[in-house]
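In case you want the letters, here they are:
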Amino acid sequence: MNSWLLIGPVLLLLVVLLFVVYAIFFERKVIGWAQNRIGPNRVGYWGLLQTVADVLKLLFKEDVIPNKSDELLFRIAPIIAFVPSFAVLAVIPFSDSIRFSDFAIGLLYYMALSSITIIGILIGGWSSNNKYSLMGGMRSAAQMISYEIPLVMSVVGIVLSVGSLNLTEIVEAQKDVWFIVPQFVGFVVFLIAAISELNRCPFDLPEAESELVAGYHVEYSGFRFAFFMLTEYVYMFAMAALTTVLYLGGWNAPFGLTFIPPIIWFVLKFLLIVFFLFWLRATMPRLRADQLMQFSWKVLLPIALLNILLTCVLKEVPVIGAYF
Amino acid sequence: MSINSEFIAFFILSVMAIGGAVFMINFTRVIHMALALAFTFLSIAGIYLQLHAEFLAVIQILIYTGAISILMLFGIMLTKNHEELKSSIAPWHAVLSFVGVAAFFGVLMWIIYQTPVISEPSDGEGWTILQLGERVFTEYVIPFELASILLLVALVGAVVLAKKEEK
Numbered sequence: 239m240n241s242w243l244l245i246g247p248v249l250l251l252l253v254v255l256l257f258v259v260y261a262i263f264f265e266r267k268v269i270g271w272a273q274n275r276i277g278p279n280r281v282g283y284w285g286l287l288q289t290v291a292d293v294l295k296l297l298f299k300e301d302v303i304p305n306k307s308d309e310l311l312f313r314i315a316p317i318i319a320f321v322p323s324f325a326v327l328a329v330i331p332f333s334d335s336i337r338f339s340d341f342a343i344g345l346l347y348y349m350a351l352s353s354i355t356i357i358g359i360l361i362g363g364w365s366s367n368n369k370y371s372l373m374g375g376m377r378s379a380a381q382m383i384s385y386e387i388p389l390v391m392s393v394v395g396i397v398l399s400v401g402s403l404n405l406t407e408i409v410e411a412q413k414d415v416w417f418i419v420p421q422f423v424g425f426v427v428f429l430i431a432a433i434s435e436l437n438r439c440p441f442d443l444p445e446a447e448s449e450l451v452a453g454y455h456v457e458y459s460g461f462r463f464a465f466f467m468l469t470e471y472v473y474m475f476a477m478a479a480l481t482t483v484l485y486l487g488g489w490n491a492p493f494g495l496t497f498i499p500p501i502i503w504f505v506l507k508f509l510l511i512v513f514f515l516f517w518l519r520a521t522m523p524r525l526r527a528d529q530l531m532q533f534s535w536k537v538l539l540p541i542a543l544l545n546i547l548l549t550c551v552l553k554e555v556p557v558i559g560a561y562f
Numbered sequence: 055m056s057i058n059s060e061f062i063a064f065f066i067l068s069v070m071a072i073g074g075a076v077f078m079i080n081f082t083r084v085i086h087m088a089l090a091l092a093f094t095f096l097s098i099a100g101i102y103l104q105l106h107a108e109f110l111a112v113i114q115i116l117i118y119t120g121a122i123s124i125l126m127l128f129g130i131m132l133t134k135n136h137e138e139l140k141s142s143i144a145p146w147h148a149v150l151s152f153v154g155v156a157a158f159f160g161v162l163m164w165i166i167y168q169t170p171v172i173s174e175p176s177d178g179e180g181w182t183i184l185q186l187g188e189r190v191f192t193e194y195v196i197p198f199e200l201a202s203i204l205l206l207v208a209l210v211g212a213v214v215l216a217k218k219e220e221k
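Chains as they are written, first to last, in the numbering used here: chain H, 239 to 562; chain G, 55 to 221.
These are computed hints drawn from the structure, not numbers from a lab. Cβ coordinates follow ideal geometry from the N, Cα and C atoms, glycine included. Honestly, I wouldn't trust all of these hints.
Stated by the list, open to error - Some, not all, of what chain H presents toward chain G, calculated at C-beta under 10 Å:
#, residue
1, Val-253
2, Gly-285
3, Leu-310
4, Ala-350
5, Leu-351
6, Ser-352
7, Leu-372
Make a model of the complete structure from these sequences and hints.
The structure is reproduced here in structure tokens:
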């Protein structure tokens, strides 16, 4: 057995954890700058250890389990939510040599596993036996299910162009033109649906502080709460990586700048998406629940279907067809 | 029968699937039942994966574990259902059920052993998703379209029913 098979995932987990720690830190910094504040700057040089201190605090906190909760479900809900978020990273190719599995249907695998997390969130909200967390869990599940449909539909355009569901082959098909150009409509739909899947602003209704206290994890404290937060940020990692792979050409270098190693290109594009998410959170107000649902079913889904039709038609046109 | 990794994986997955089903019947709270069912669905996806039916396995997770289980959980949570189900089955009823189920199992096994295997078992390893798509959209296009029309009718029916209740 290849020893990399054992060490690789552990290394990836460490990278992901490091990313989560500094993603939270930079999220607070960027939002601070956007709102003309300094952001965290007390713990460590330039505030660099702020998140580390926060995580340590969560680790030392008491793990409170409410008296009238469904104890077993309350305990396992964060695990059900977290495990798929890390498992989806298995199919993402980070560069032509750094990847874990070359699954023939990697794209579908991602979509399928990420839907299991919804069960964890729903169960977490329900088992707390608290009306706010139940409402938050319900909202979250309803939102994630309805936005999963435009999300899957928007990538069908890419699947049609490449003729494969394998993420490595999708990246290799983008050697000349990234899919963000021919599949721009699909990209916009995908990005909006992805932000909504991540439960991030402007679609962060499940966690609307002003209405629901904190959403499905109201009753959670200590390490279990940290697990839910970790799930969210690992999904951010996964979704940013998936967007890079699908639309921004993965590890392919733009303008023939191949002297910079592929993994650096991947990281740069990946960080661009992550920064975009922070930027959006600092800029946009929150949508209303009914607007959110209508937007998904009446705007995004028809556009995604139109994109599929457009891709099919343009594929047959002589000159442009080469790009589809 | 030799014990290799495939056999161990199959053993674990089948125990998980059967265990989930047994728990589903034995739990008293409806939410626990739905979760046990979701667990069974997930284990069955693992068995599909072992048979080199990757596409089927992923779809099983997407549709059954993802969509249908969540739909059930939603339905249970939206309807007030906090009281536990009390088993009020008379003992003779249990015996009768057992006899019925055993007879059904016997018939099923008899049919399975009587049915001749028509074609050679195909090699699943070289079977790609591309071939699957080609087969579905050429040889089996009419059943495929019929199934999609059926689903569309169900969808429209659901919308009509929901509209009626609104009035």
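Earlier hints that do not hold, by number
Structure breaks hints 1 and 2.
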